[in-house]
Amino acid sequence: MANVAVLGAQCGDEGKGKVVDIYSESAEFIVRYQGGNNAGHTLVVDGVKTVLHLIPSGVLHEGKTCVIASGVVLDPDVFMQEVDELRERGLLSEKRRTKIVLSERAQVIMPYHKILDRLREETGGKGKIGTTVRGIGPCYEDKVARRGIMLGDLLDSELLREKIERAIKEKNVILQHLYSDKPLNVDELHAWALEAGRRLKPMICDTRVLVQEALAAGKSILFEGAQGTLLDVEHGTYPFVTSSNTITGGIFTGCGVGPKALDHVIGITKAYTTRV
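The number in my numbering is simply the position in the sequence shown, starting from 1, with 828 added.
I should point out that these hints are in silico values taken from the structure, not numbers from a laboratory. Only a predicted model underlies this, so the values are computations on that prediction, with no experimental measurement involved. Here a beta-carbon is modelled for each residue, glycine too, at the ideal position from N, C-alpha and C. Don't take every hint at face value.
Simulated restraints on C-beta separations [what the hints assert, rightly or not]:
#, residue 1, residue 2, range
1, Tyr1007, Ala1044, 45 to 53 Å
2, Glu1016, Thr1065, 33 to 41 Å
3, Arg975, Pro1030, 22 to 30 Å
4, Ala1019, Gln909, 15 to 23 Å
5, Ala973, Gly918, 38 to 46 Å
6, Gly952, Arg917, 36 to 44 Å
7, Thr1102, Leu1022, 35 to 43 Å
8, Asp984, Ala1099, 48 to 56 Å
9, Thr870, Val1037, 27 to 35 Å
10, Val1037, Tyr1100, 36 to 44 Å
11, Ala1099, Ala1019, 44 to 52 Å
12, Ala1019, Glu950, 24 to 32 Å
13, Pro1087, Lys846, 21 to 29 Å
Pairs of lysine-lysine, BS3-like flavour, derived with a Cα cap of 30 Å [to be verified]:
#, residue 1, residue 2
14, Lys927, Lys877
15, Lys927, Lys1047
16, Lys997, Lys956
17, Lys1047, Lys1029
18, Lys1047, Lys846
19, Lys877, Lys846
The whole structure should be built from the sequences, with the hints applied where relevant.
If you want it as structure tokens, here you go:
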């Protein structure tokens, strides 16, 4: 199988999950490269319905390597809930040889990202964007502002605390003086993040090297897009867009590969256009 990308050609909800599931049967690696748990792919395999928000859809097939690359923003609680549900159903057993790996450079959606997202929507009036209130936008903001927390940071307690202290200094001013909300607690956030790191540690690695080695070895890779072209932060219906690059270019920056890594792009559309 050639290296294929499946993208939404409209505003999301085009039915990408079904097409991804079909191509996942032949691919060896399935890679998520952008977005977060604002995505949602619904699959029915052997009569059982599965809804995945973060984990690549290929996890339902045996012998696959499912990659969450550095362009993704990850909510540890949502991710582990999906992992636990898949384990309960026996879909992540050693016998099935399916594994999930996480980029050490993927950004972490912290609890304060969701708080800020919610407060902005509640006070936005007619100017509100209509986000999923899952902290996606605020997390990408911190990434661009160079104050984000990466998955790899969760494994270093001292560095993690320093980064949290730095991040919430400004956020507490905003929460208290702009929204009249309670301040964030460093100890609570640090404890939460350390526990998240403990659970995620076995899956964290440098996915850039992993994907590059897979390409060099001639492995087949499926790049799984989220949302749709018209929601791209650069080329979509701005400002009513998501916070990441949903088009083909997002694959290269979100995974750390060059354009030659991709053989075909499949754009999914539906009979009529809707948007959330």
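Hints, verified against the model:
Between Tyr1007 and Ala1044 the beta carbon distance is about 50 Å. The supplied range of 45 to 53 Å therefore holds. At roughly 38 Å, the beta carbons of Glu1016 and Thr1065 sit within the given window of 33 to 41 Å. Separated by about 27 Å at the C-beta atoms, Arg975 and Pro1030 satisfy the suggested range of 22 to 30 Å. Taking the beta carbon of each, Ala1019 and Gln909 are about 19 Å apart, inside 15 to 23 Å as hinted.
The given range of 38 to 46 Å is respected by Ala973 and Gly918, whose C-beta atoms sit roughly 42 Å from each other. The supplied range of 36 to 44 Å is met by Gly952 and Arg917, whose beta-carbon atoms lie about 39 Å from each other. In this structure the supplied range 35 to 43 Å holds for Thr1102 paired with Leu1022, their Cβ-Cβ distance being about 42 Å. Between Asp984 and Ala1099 the CB atoms are about 50 Å apart, so this pair conforms to the stated range of 48 to 56 Å.
Taken as a hint, the range 27 to 35 Å holds for the pair Thr870 and Val1037, whose Cβ atoms sit roughly 32 Å apart. Between Val1037 and Tyr1100 the CB atoms are about 43 Å apart, so this pair conforms to the stated range of 36 to 44 Å. Checking the proposed 44 to 52 Å range against Ala1099 and Ala1019 shows it holds: the Cβ atoms sit about 49 Å from each other. Range check, Ala1019 to Glu950: Cβ separation about 27 Å, and the 24 to 32 Å hint holds.
Taking 21 to 29 Å as the suggested C-beta distance range, the pair Pro1087 and Lys846 conforms, at roughly 27 Å. Restraint check for Lys927 and Lys877: satisfied, since their Cα atoms lie roughly 20 Å apart, inside the 30 Å limit. With a C-alpha separation of about 16 Å, the suggested pairing of Lys927 with Lys1047 holds against the 30 Å cut-off. Proposed proximity of Lys997 and Lys956 is supported: the alpha carbons are some 25 Å apart, at most 30 Å.
Of the pairs offered as hints, the one joining Lys1047 and Lys1029 holds, with about 25 Å between alpha carbons and a cut-off of 30 Å not exceeded. At most 30 Å may separate the alpha-carbon atoms for a hinted pair to count; Lys1047 and Lys846 meet this at roughly 22 Å. The straight-line distance between the Cα atoms of Lys877 and Lys846 is roughly 12 Å, inside the 30 Å bound, and the hint therefore holds.
The structure shown violates none of the earlier numbered hints.
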